[in-house]
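J.: Given next are the chains, with one letter for each unit.
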Amino acid sequence: MLSKNKQYSLHNYLLIALFTALLSVSSLFAQGDIPTDDASINNGKVLFENNCKSCHAVHEKVVGPALKGILERQKLPWLINWIHNPQKVISSGDPYATKLFAEYKTAGVMSGFPSFKDDEIKSILAYIKKEGDTLPDSVVKGPENPNPPTGGGVDAGFINIVLSGFIAVMILIVITLAIVISVLKKYLAQNEELLTESEKYLTTQKFDFNAIFRSTGFRFTLIFLLIGTIGKTSVDYLTSIGMQQGYAPKQPIPFSHKLHAGKYKIDCNYCHTGVRISKSANIPSANICMNCHSQIKTESPKLEKLRKSWATGKPIEWVRVHNLPDLAYFNHSQHVNVAGLECQQCHGPIEKMEVVQQYSPLTMGWCINCHRETVVKAEGNAYYDKLLQAHNKSSKEPLHVKDIGGLECSKCHY
Amino acid sequence: MSGLEKKYWKGIEELENDPQFVKNSMNEFPEYLPILNKNEETGGTPRRDFLKLLGFGVAAVSLAACETPVKKAIPYVNKPEDVDPTIANWYASSFFDGVEYNSILVKTREGRPIKIEGNKFSSVTKGGTSVRAQASVLSLYDTERLKGFLEAGKPAEINEVDKKIIAQLKEQAVKGGQIRLVTSTIISPSTKAVIGDFVNTYPTTKVITYDAISYAGIVKANQKSFGKSAIPAYDFSKAEVIVSFGADFLGTWLSYTEYQKQYAVTRKLGKSKKSMSRHYQFETTLSLAGANADYRTAIKPSQEGLALASLYKALGGSIDTPSFTAKYIDKAAQDLLKSKGKSLVVSGSNDVHVQVLVNAINVLLENYGSTIDLNNFSNLAQGNDEGFNAFVEELKQGLVDGVIFYNVNPVYSHPKGADIKEALKKVPLTISFATTLDETSSEVKFNTPDHHYLESWVDVEPKIGYYGLGQPTITPIYKTRQFQESLLRWADINVDFYTYIRTYWKSNIFGKQNNYASFDDFWDRSLHNGVFEAPVDSTSAVSFSVDLSETASAISSRYKVSNSTLELAIYQKAGVGNGDAANNPWLQEFPDPITKATWDNYLTIAPALAAKWNLKISQGNTIKAVLKVGNQTVTVPVLVQPGQAQDTVGLAVGYGREVAGKVAKGVGVNAYKFVDILEGVSQLANFNVTVEPTTETYQIAQTQTQQTIMGRDIVQESVLDKYIKNPAAGRKTVTVHTPDKGEVPASSLSLWSKAKWDEKRTNHFWGMVIDLNSCIGCGSCVISCQAENNVPVVGRDEVSNSRDMHWIRIDRYYSTDANTEDASIGNLAKMEEASANPRVVFQPMMCQHCNNAPCETVCPVLATTHSTEGLNQMTYNRCIGTRYCANNCPYKVRRFNWFAYYENNNFDYHMNNALGKMVLNPDVTVRARGVMEKCSMCVQRIQEGKLNAKKEKRRPIDGEIETACSQSCPTEAIVFGDMNDTESKISKLMAEEKEARMFQVLDEINTRPSVSYLTKIRNLIA
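Chains as they are written, first to last, in the numbering used here: chain A, 655 to 1068; chain G, 2 to 1023.
Rather than coming from a laboratory, the hints here were simulated on the basis of the structure.
Heads up, the beta-carbon is just placed ideally off N, CA and C, and yes, glycines get one too.
A hint or two may mislead.
Unchecked claim - Covered stretches of chain G (in silico footprint by chain A; criterion: 3 or more residues with CB under 8 Å from a CB of chain A, positions within the stretch not fixed):
#1 79 to 90
#2 132 to 139
#3 934 to 943
Could you build the full structure based on these sequences and the hints that come with them?
T.: Have a look at this one:
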């Protein structure tokens, strides 16, 4: 038994040893000099986002295959060759490449990046490896919205429960008090002789509803409440005229930001080309859509209008969601480029929207409020240097937009 | 009893006891509204129904208002790489309208030109722009341009027209029929090559150059004097003494934008420059140049030749003419002799003999080679009057078989226009390239409209060796074709004009430089800069050889020492010019710099003549008079013009268009028919006319009726001698007596406890300094501002109501003979009256952006507020139109929208049609009815400049942000900038001039404006 056990364990050891050896060899071979330091990974991230992202994702198949585990599928030298010149690898008759080509025939051959140095390719692979090791993050976290359009920070349901509990307690107190009064009254009625005349008057007093209704105070309160309610409702209604918060019109093409911005994480700037440079963010022109859709979903019926527009040269008429009045000047580049705001600050969790809706009220009060509360991104921008200095001399508060004329009429109206 | 009582009837109905009357008399307050209603039984609309309808109407309207309209966002299908919506693209180009040249930059937004600005790369116009260049962008969007080719006035297919024209041309070529190509001056070298090619194909073609305003006298005189048929290039910047005889070289004469720039150089003063040119002007009607002159003498047109001869004699020359003297001739001669080689004598006369004399004077003064350059001569004004007159004769005799008109309108602009119109009917083939139907182009068989210049490839050579290029800035709006391309097509040369112009530049101009080895680089650079300059050596001497005896006898016989008859001087107005651009509403509403009149031409008469007629004119209310020249008469309103020579009248051309668009048609009278032809050359004067006043009254729409400054310190001025001794000469400060401190400047007292804004302006402090000495009053800023800020055109009637909308105006003040110190009521009226030959001062006036703004304190809704950058902000959407602010503005610069000027067919100019609206600046709100507006100091440009700086993480660079007015100013009189930036031009200028020439208007009321002025200094002996 013992020897058998020993044999078994020996066998095990051997196996383990062999396995470890193999593993170390394979990992040596596969990962060899894939860097693991943060600098390389970050560098890889930048390169990936600038060059690869339009066709590749780590976790999903986009135009090209998902890249998770690429190092397990192919060796580094092969990958370098492939990235430098995919066509050459295919023509060499490499079986894996031929298979890939067959599978992604509709997308065409990947364009080569002959200018990439080996180190750069390695850092891209390092980034892919790191990304691949983390779980897919399907939810993009937008920054916290400082002014959510409804309610405060507390859940409305919770407030309702607290309120109804409060009301129940109040009712109980009223009932208890009523009981106490009636008990006391009964007691005093039985002991009338103890009371003076005026006290008797109090105990026998009837609760006169008519008198209350007839009293000036009651009428005044009632009328005041009535006028107040009507007034408030009308003012609320009137001030909401022209406000389109929540406006989510049907678009000619059911374009989903949830899919493009959320799932595939296409950078907003890729389609909205003006957002960093000009006043308008730009509704993407059909040629931008066709950059991808000449390859992907080429048969989708939903894209029929896009293909028709591309073929006929007649533009797609999208329905404008955000309608600022003409008298208000708003410049995207000022807010996105200079102030460094995220799109979500005003547009809400756009990456979760199947149909785009107007998230913010876009009222002047809303604009002004943000100008009151937002701190100017002055660091590193020489425009603000002197302003910041002057401000810091006189105030301990950070430099807000309002401090540099952000509330002045001519900022937006001219 | 009843028989005795008198009965009174209220009317015949009561007497007759009309049943309707009885019924109504029972019903003193009838329930129905006095609205006619078909329903007789109910007696009209019952009150309840009315209220129901009213209620429903209100509810329906308010409900409808709740429904926000669905707006579309339409992107490009394939976005051009270099066009980003909302970002302007700039293209360098060249403006040439047949008369004047400006090197320009065109601002386009989303593929449409919206603004013209000066191109600083050009050493000809050096960034200056004229009024007409600024306004030319609006003509592009004229709905009355021809929308396609026409045959006999009916729309026709381009190819069909081409076929017919080619067939007819070939037919004429075969039988030797005479073809005439009548063009305006062409300064495009490649176009001349195209015409050459056309003439090669059809050799019987003769090219005739015709200018409505002829300068042929100068050309012929130079031929006579120097053997060179050309207009010389003048350089006013080198002239210390300038003497002009009727040449309005600052307003209309030849290449005036170039001269404005040069002239301003000699007029600037400062700490390091204490000298300026001295300018004499001898003229008939007060012109811009005359208004800027240090010494001005009013002479009659019939004296011009003698005046020049007397100057020549005073300079030591000898010429046998009757002796004549005019004020300041001798003084001018003394000054000229002191500045030999650094002076300039010019004349606006078109008389060859007079111009020969001018040449003789300039030769005597050794000005050739310094201020006058005949080697790099000007290509402008090539019109050949003799050639054109010969053509008219041929036409009348039926010797011409085909006429092609390009950019000319002789039926309107030639004194024999009616003959030409008649004779054209007999010509078998008539073609016009005119872009609109005008007097000439409506008489031709084929209309093959040319592109607007902003839709075309353009090259120019305004002066020898100075080239300009221009590219299309918009896709052609209508089915038109560029003139050159049509000619090439008809000449069977199948090449588009772009290829042609490139080839031309490659073989003819590329070789003139050696900076670029490849033609593509050279072409791209030239196209980018808009100019290419390769001036030739200008030192070669000229030899003047002419016998002045012929000149002397010609002058002696034509000109008179005294003339008993009334004389007419014909001139051009700075806005409409020769009348080609008359259909441009901006130009029609542009106030004439001198008369401040819009939408009209008129007979300018001297105050003495008005006194003789016992004519009292106030606020543009005037009478009409009948002007008779030979057998031609015209009835025209009169305008009393101080400075007009005794016994002369002036009348401007460019008006009285009969076949033109809705804007120009029927405005004013045509003065071209009074043009006299002397020795084959057109003369803009007539020595024998009669004028008879009528009783018919008329109102001329003037924007300024105030004639003088009435002794106030609004404009402060001095003379050079005093300025040299004391730089603050002419500065006036109002003082008040205080109980504790004695006499103090009024501006040191304030209602405000402290300066409200001073400490808040940590970032920028925008301001302006306007040099009254270099402002020549040309008005380029007015149109530039109008284009930049979507200022509406309001029309003649509204201008008459003082409701003009220009944000910047140029106030023109005359000096008065009255004692300005005496403030008695009787004297105030006298102070209103200008001198017979007044000194003139121009003052650009716009919102002063007061830091203690009177308008801000009275606005009940805070629609006008102050910014921490020193701007007085006007918020249209907040304004409710109380007009308190305008009432309280001491500078009267606020403008009220009495009507909706857009989408309103009562203001049928350009804002009521889709095409005309394309010129609007998308960054500036179009104001609604009932709101106030005013100069914003181009806040949209400030904001854009700041944003660009922020994006590039830097402070704005001085000069990067300019207002529309300062950008277009040809004399750099307006300096705009950040007064907080100690390195900026404005800060340095203010530091230099603070104790010297700088003042603020109405300083004593302590409004503390952000706009400052520098005193006007005249170079004269006080």
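J.: Taking a Cβ-to-Cβ distance below 8 Å as contact, does the segment 79 to 90 of chain G have at least three residues touching chain A?
T.: That given contact holds, which follows from 6 residues of the segment 79 to 90 of chain G lying within Cβ reach (below 8 Å) of chain A.
J.: Are there three or more residues in the segment 934 to 943 of chain G whose C-beta lies within less than 8 Å of some C-beta in chain A?
T.: holds (count 3)
J.: Take the segment 132 to 139 of chain G, compare each residue's beta carbon with every beta carbon of chain A, and decide whether three or more fall closer than 8 Å.
T.: Violated - the segment 132 to 139 of chain G has 0 residues with a Cβ nearer than 8 Å to chain A, which falls short of three.
Comparing the model with each numbered hint stated earlier shows that hint 2 is the single one that does not hold.
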